[in-house]
Amino acid sequence: MFDGPEPIYVQIATWIRAQVLSGELGEEEQVMSTTQFATTFRINPATAAKAFSGLVEEGVLYKRRGLGMFVAPGARQKLLADHRKRYFEEVLDPALTQADILDIPVADIVDYVLGRTPRSGGGAATKEK
Amino acid sequence: MSIAPFGAALDSVAVHYPTSWRMTQQGTVARETGGTALDGATCTFPAGAITGLLGRNGAGKTTMIGLLAGFRRPTSGTVRVGPEGYERDPWENPAIVSGVQVVRESGDVMPDEKVGVTLRHYGAVRPEWDADYAERLLDLFEVDTRKNPASLSRGKRSALGATIGLASRAPLTIFDEVYLGMDAPTRYAFYDELLKDYAEHPRTIILSSHLVGETERLFEHVVVVDRGRVLLAEPAEDMRARGTSLTGNATAVDHLAAGHRLLHRQELGPTVMVTVEGSLAEQEAAEAADSGVQVGSVPLQDLFVHLTSTTAQKESER
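Here the protein sequences come in this chain order: A and B.
When we follow our numbering, the leftmost residue of the first sequence carries the number 217, and every step to the right adds one.
When we follow our numbering, the leftmost residue of the second sequence carries the number 4, and every step to the right adds one.
All clues given are correct.
Cut-off 16 Å, straight-line C-alpha distance, at most; resulting in silico cross-link-like pairs (EDC-like, lysine to aspartate or glutamate):
1) A/K294 - A/E273
2) A/K279 - A/E243
3) A/K266 - B/E240
4) B/K199 - B/D133
5) B/K150 - B/E116
6) A/K266 - B/D241
If you are wondering where the hints come from, they were derived from the structure by calculation, not from laboratory data.
Computed from a prediction, not measured in an experiment: that's the story for all the values here.
Bound conformation, chain A alone (with noise of 0.2 Å):
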């Protein structure tokens, strides 16, 4: 766990903001606190809030003074639309660069797109019905 190329505390804050998106962690839900976090992944507790603060920062989480950190309401959207942003940049260019390389013509990926069934009918977005 976190032991990918960036720092410790960048891969904490993109755990945390994955967690959110997928709903595992719900709005106004409590965050583990620092002390946990450090000794459920023996990290030091300073890098643990050094992710925190940052998230604080973006709005993901807030802080309720003596109980700890929580999802902020909002959080899941602000970050959906984010990552949607993001996706078709950092997820789908280099994907289709790749079909380039590989001469898959369009027609057989827009073929593949369609006929392809979407994951519990679309995801997380049944899900808040």
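Based on the hints, put chain B in the right spot on chain A.
Chain B in isolation, oriented as in the chain A frame:
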């Protein structure tokens, strides 16, 4: 009431040991060659942080610790230890040294008395000593308190040392390679306890080690000493950013690595893995992604080995 964490700083510190003669048990005289343990070392240990003091055997780690604890004085230079803004020379300064707990592998215990006697001693000299916590730790580490430290195994003696270090809750606690004798489960239990207790009772902790792999994520700050000099003293994140590993096709990797100082190169058939100094610029990272070169981080352990072995090379070239 707890005492504020201690910071510590060395400023151009040199320690030279004079050549001395010592009487052996056989009655002959043995010559002990002196040498330079520290040579112009300057660094700080930030108050309230866990700092890793890293260096190879004989680099000067233990001498540095001896200075911080007031066990010895430097030949030249200054040593300052104390709460932020009130740092003082620790030598013969009871207000400072009562707040510094050093745990050495040799163990500062009473070897021929029951473990409880040693614990009572520390209870008397450390104002923040937590006797209940010490008992819980000894239970956790399965140390038999009815035994004498001398009759404990090496691992259990290390665990006793770790217990003394943690339960003393000293504003500056230094562990000098204590965990070397412990087995893996005990070491992990020690790291967990250290992090938990540090989070609840913030204080300054220095862990000296040459086994960097297991402990690197515990550090907020690192000081690397090599041959009596301070190679670097900086936040652990900065040290991690000092190296990048590149894996992939030889031509692509070598092209990318050309602009960086090479620390290590390994060939695996047509694939090469190199470690270079510094991190990649945005443009280089894009180039790496395009040419299928995997960019990775370098474990502190590897960086430490590269950094300390390259200085060794430089020295021999002189």
